[in-house]
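4 protein chains.
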Amino acid sequence: MIMKTIKIALISIVFVFFAGNGLLMAGHGHKKEKKVGILLVTFGSSEKSAQISFRNIEKMVKAKCSGIPVRWAYTSHIIRKKLAKQGKQLDSPEVALAKMIDEDFTHVALQSLHTIGGEEYHHLRRTVGAFKNMRVFQKIILGYPLLSTQKDIERVVDAIIANIPKERKKDEAVVLMGHGTHHPSNAFYSALNFQVRLRDQNIFVGTVEGYPEIDLIQSLMLKKRTKKHI
Amino acid sequence: MIMKTIKIALISIVFVFFAGNGLLMAGHGHKKEKKVGILLVTFGSSEKSAQISFRNIEKMVKAKCSGIPVRWAYTSHIIRKKLAKQGKQLDSPEVALAKMIDEDFTHVALQSLHTIGGEEYHHLRRTVGAFKNMRVFQKIILGYPLLSTQKDIERVVDAIIANIPKERKKDEAVVLMGHGTHHPSNAFYSALNFQVRLRDQNIFVGTVEGYPEIDLIQSLMLKKRTKKHI
Amino acid sequence: MIMKTIKIALISIVFVFFAGNGLLMAGHGHKKEKKVGILLVTFGSSEKSAQISFRNIEKMVKAKCSGIPVRWAYTSHIIRKKLAKQGKQLDSPEVALAKMIDEDFTHVALQSLHTIGGEEYHHLRRTVGAFKNMRVFQKIILGYPLLSTQKDIERVVDAIIANIPKERKKDEAVVLMGHGTHHPSNAFYSALNFQVRLRDQNIFVGTVEGYPEIDLIQSLMLKKRTKKHI
Amino acid sequence: MIMKTIKIALISIVFVFFAGNGLLMAGHGHKKEKKVGILLVTFGSSEKSAQISFRNIEKMVKAKCSGIPVRWAYTSHIIRKKLAKQGKQLDSPEVALAKMIDEDFTHVALQSLHTIGGEEYHHLRRTVGAFKNMRVFQKIILGYPLLSTQKDIERVVDAIIANIPKERKKDEAVVLMGHGTHHPSNAFYSALNFQVRLRDQNIFVGTVEGYPEIDLIQSLMLKKRTKKHI
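Residue numbers (numbering that gives the first Met the number 0), protein chains in the order written: chain R, 0 to 229; chain Y, 0 to 229; chain V, 0 to 229; chain X, 0 to 229.
Derived from the structure by calculation, the hints contain no laboratory data.
Quick caveat, the model's predicted, so the values are computed rather than measured.
You may find that some hints are simply not true.
Just so you know, same-sequence chains aren't split out, so a pair can sit in one copy or run between any two.
No farther apart than 20 Å at their CA atoms in a straight line, the calculated lysine to aspartate or glutamate pairs in the EDC-like style are these [said to hold, decoys possible]:
1) Lys-58 to Glu-208
2) Lys-223 to Asp-199
3) Lys-33 to Glu-171
4) Lys-222 to Asp-199
5) Lys-138 to Asp-103
6) Lys-131 to Glu-32
7) Lys-81 to Glu-57
8) Lys-168 to Asp-157
9) Lys-34 to Asp-103
10) Lys-33 to Asp-157
11) Lys-33 to Glu-46
12) Lys-84 to Glu-102
13) Lys-223 to Glu-46
The shape of chain R in the complex, shown without the other chains (with noise of 0.2 Å):
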């Protein structure tokens, strides 16, 4: 239940970022009609209630950027191919954006709606690079994940305090887990969980498989109790 309400919460965030990075156009003297689209991109997911988040945030992009086609890749090769034995054909990014070309889109802006930027994200920065040298496109510019600058990073604590549900007490940990990662943004974690707690001292942010793991997440709230006992 908490869990829902926050990725809710997320959503918003998201698009914030994503209207922040607005579409500059560069006067190259191409002469092809110009044609503006959006590609949000996700690592995927085969959970249902995934989809619903999926559809809340296409909602809130074609909201702000009405007009505007938008089109969706997913980056995990795992999730696609599981999704393509349900018949669901879904395009990675690379195939996502060939076809644009052969739409002739001319501008093109990615949303990446991963959490930090890890692996999948730098490998999707890659290609993003990849197609710009390629000069098909006019622009092609492609957005932070969600954990990315300060300011973002507050509106995500902001999000968080927000989303508690109310009848949660005071003296009652939250624990928010991430995924976490051997690549260097897992530091994300670390900085995302110093940042809430100065807001509330019960609400920490742990990983399954980075750092901070679950001991340690246990004994900072050993450590709190024991405090609050004294």
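Fit chains Y, V and X to the known structure of chain R by using the hints.
Chains Y, V and X alone, transformed into the frame defined by chain R:
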């Protein structure tokens, strides 16, 4: 009639070069299972006769490289759009390569079926270069177009000579017309004209939109005829 | 006679401009003799004390990789210009790498000496990527900056703890100030602050231009002090 | 004397193309002060006579583009090494471009002084492409080599005809020898041979290492002579 015969001859030459390129496997330490694929890249055509040529090329490639999947891509945007209206979905090189990434190909050999290394071929080179820089394939190579090295030109001359119908008399002129281009590669038509005429003074190579123009070819033919009359 | 003169003349001219094709520089399967080099890349500094650090780093690198030439490059344009006025010619990464091509290096390892993976580091990554795509080196790699993987951060925490002067008392605060940036990598300071304080609650990491600001660090110190007083 | 005349003629052609390329300035929103530079790129030569040609080219370029700094780069590694031993430090294209970044150039026009678009020229193209992809210059362009478009070839033919010494008799053969290459661009010699002979049947273009070989040129000369004798 003559044209069809020559076309088939040229195909065999294309094939020779394709086979010649081979598949050199780089050891980058990638752990993906090796999966080799061939991508034949043509300008494309809406003519039915061209489809026969394409099928013949594919047969020959498959005969020589049995077991290796063969894909097609079409560089002409106009042809792709035209055939899409007829319900035939053709891939651009970008889409074809992006799909091959998605299908886990590790080694891709592209063979250009263009006549000369003009704009279409150089655009293709840039596309291949961009996919190379993505580092998603362990190896990606692009074969030269038909008229390239001196050895290539000599084989084309052989094929032209070999495919002139036998009923043609020695003093009858044969004029082969290429498309012609404003690109520097247009010089290959002059080179071919020079070299084919060393073998048979009554065979001429001209172009529709480039140099040598049909007027020049006509004046060369008249000059020959005058000489013959003497 | 005239003919001969012209021939020689043109040959020499042609030769001047063109003899280069004689050099068979095979793109793949390089036949060049292997030559490994290290390029240490720092922001640069006009402080004398920094020169000592640079010299120490170089000593350590040379001790570990004996026999491998070590070069330096400086990413700060301002520092390079400043030192040029003092008669010290420092290379940008682009110039340093271009010179290494010229000196026949085949394998180059760059090590970033930046603190975080910010703008300077990402610009360097783009430069290295471009040289990679030139395919002039057989191998070119770039090491992460100081604060990168979780293991790196832990080592930095260890080093900080180990280098606190012994005369410092446990309840005396230690504040380490980083530069700070608007780039997402600024989050590494929050992460470091969080992790170093897990080891010693009285060590703080702040930044001059980013987050955590000195005001925040001060308020954290005051909070600690209050607690201590209780 | 003759040599000098021809040299100047060729230079003027080079210059025409250089000027033709112009400097198109794109508005990318960069805030750097605009600084335009020219980089002339030659194979290089250790011959003194070539230095005179280089100086003449530079004079002509400076006369047409007054106020724009002109730099030189040399693509031949061997020539660079040879002249380095004589104390002359020549820049490779990579070093020259890297230095121009450092000197705050924003717009760079490179002009290849190569005869044909062979290996050296295509290597240079790759270098220029890599610097383009670095996005350090607002604009970087590379001019075609001497023998490129049909218009270029026609100008070269004009220059050759115009520079044949007047004392040469119509039935005296003139043979121009190029270097020749295994690269597809070798076809430009055939094209030039074909086109120059349309204007004067007694002028021949051959190559030292490619096609047309001197033997072929000799047999063509003999054939002509036979005809003349008849």
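Check your understanding: Which hint numbers doesn't this structure obey?
Key -> Violated hints (numbers, rising): 1, 3, 7, 10, 11, 13; every other hint is consistent with the structure.
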